[in-house]
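Line order of the protein sequences matches chains X and H.
Here the first sequence is numbered in the working numbering, starting from 1 and rising by one per residue.
Here the second sequence is numbered in the working numbering, starting from 1 and rising by one per residue.
Treat the hints as calculated values from the structure; they're not laboratory data.
Model, not experiment: these values are computed from the prediction.
Treat the hints loosely; a few may be bogus.
Any copy, or any two copies together, can satisfy a pair, since identical chains are not distinguished.
As the list claims (entries may be wrong) - Below, a list of computed lysine-lysine pairs in the DSSO-like style, where the Cα atoms sit at most 30 Å apart: (1) 76 x 254; (2) 268 x 164; (3) 48 x 125; (4) 48 x 254; (5) 125 x 76; (6) 172 x 48; (7) 163 x 216; (8) 48 x 262; (9) 59 x 254; (10) 125 x 59; (11) 76 x 163; (12) 59 x 262; (13) 254 x 268; (14) 341 x 262; (15) 125 x 163; (16) 172 x 59; (17) 341 x 163; (18) 341 x 48; (19) 254 x 341.
Protein chains: 2
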Amino acid sequence: MSSTSPSRPPSPAIIFETLNAYHRTSALRAAIELDLFTAIADGNTTAKTIAARVQVSEKGARVLCDFLTIMGFLAKQSEAYSLTPDSATFLNRHSPAYLGTASGFFAYMERQFNASEGLTAAVRKGGTMLSDQGIMSPEDPIWVEFARSMAPMMAMPAGLLAKKIIGDRPDKWKVLDIAAGHGLFGISIARQDPNAHIVALDWAPVLQVARENAAKANVSDRFSTIAGNALEVDLGSGYDVVVIANFLQLLDAKSIDSLMRKVHAALKPGGGAVTLGFIPNDDRVSPPGDANFGMIALAFTANGDAYTVSEYERMFQNAGFSRSELLQLDPSPQRVIVSYK
Amino acid sequence: MSSTSPSRPPSPAIIFETLNAYHRTSALRAAIELDLFTAIADGNTTAKTIAARVQVSEKGARVLCDFLTIMGFLAKQSEAYSLTPDSATFLNRHSPAYLGTASGFFAYMERQFNASEGLTAAVRKGGTMLSDQGIMSPEDPIWVEFARSMAPMMAMPAGLLAKKIIGDRPDKWKVLDIAAGHGLFGISIARQDPNAHIVALDWAPVLQVARENAAKANVSDRFSTIAGNALEVDLGSGYDVVVIANFLQLLDAKSIDSLMRKVHAALKPGGGAVTLGFIPNDDRVSPPGDANFGMIALAFTANGDAYTVSEYERMFQNAGFSRSELLQLDPSPQRVIVSYK
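Can you build the whole structure from these sequences, using the hints too?
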């Protein structure tokens, strides 16, 4: 083989790296727990000064910082570490977009995952081994954890989505936020438009978190709630917009059909349903950030899936929607489908 | 920001992906356990036929194959999956280079890792939380597991190293293989050169595995052993070459110095010590496959490290070696340092 051949010889490197990939999870979690990114943001840039600040061994600080550099969370110049733009935005505790809190949710998920029989059993069965319904069991405590710890991660997409949705609405209008969780999708709309009234739907203990966030955002007077299972409760009617964020992907196709018929009925003529979540292309393997969700759905839900753009469009059409369009929430990679009544 | 700006806005995608990186380990292990790669090699290329062959749900097969495609282990064309060159070489059970057996060793390591207090504690301490000496405890059973399951992964580098080492040696010559494990580094030399006699050193239960491999390779008559701790036993003398593969990186600098002085004394004048392992550049963050080992050394050993090229060269010089050179075992990414007496 010529040494200038563009095709490299087969290598086991990817196998070795993947069988050790759990180290990546563990190392990032350790760095967040130790608040190492904030230490660097505060001007401690060498292994020695970082170690002193976060109270660890100098060798431990050096090895962890090098590993974080290899993974792309830090940059290194000679002996000095610095934050990448992603780390500076999301992992420095002083940043308004800090989402180190999300680490708790992911750790909770990982403990659940490790306590189950592993992925082989889930692949055999075609769904989660966690319990009959996985994380979709009624009032599963994971959703309070999710609502509390994922809010910072959702602030940016929620703000971008609000901008897209509001448009030109001179009169009072009404938004239903299904599986609202932290409530940020509805709350962002209410903050940006004083004419918007939000109805948030979720399990009762989760709505407690959403109401706290609405109060913090000073929109409580335009924020009401419906407690219960979205598939069972009365959704109300006359909505201009129904937001369904990170939810349909947890359900089976039949439940989606049944929910979307209810959503269609609850919308005003000309109103729109907004589906946000992990939505891969029809090849099911791109974009990777969306397509990866298939594995998460398999591991944690009985019948959820990373439904593709075409699958959603077909389901929404069957449920009565006249047309759907795929939008990207630039500059985030987040994708949404808007379906019109 | 202009939409044509080459710098993207900050994104939490890498954080999300890293906190879920353990899924990658679990998915590859599941695919190896299910022998999914062999099923595809045998002509089952759709989720339906793969599922029937490996006895899993069709949805499970589809989700797992899509995830393996995203990770780079499979290619996908329409609904048909195929093996990448890496997977065809190393993950198809019919391939002579099959190394699915390595999965057992990695699973053993992961169970050890999960049973410890996690990486945060190891970073605090600057070394493993597994036990006082981590996997370097005398006769730790991990090394028999390592010898049995990692042999296929080492066959290629061992063959390449043998080619580099043998050169022009018309007379009988003698090789010491320290921490021999599966024994393949010495055995490959003996197979390629009938003038070579190998002395393999390791814990007694591990040498059993090496002797089995020597017998399979028909070199038992030129293969002898020394049982015990390399730092304590008599190494013998008059060696032309001493191979030290994947070992120094598990030790502290003082032990390396003491071992390399013994190695120097055991070599003939003009003889060479060959150090193979994970050897990052002096920046400690490249190449990633080598530099990543720093984290593994921290998690699993008391004092091991991904020593850099310069650190090794300095240590070898202090131990009496006249000069060292870094070689690459093309076409593999494996690096070795040869140090001359």
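- request: Mind listing which of the numbered hints don't hold for this structure, in increasing order?
  value: 6, 8, 11, 15, 16 and 18
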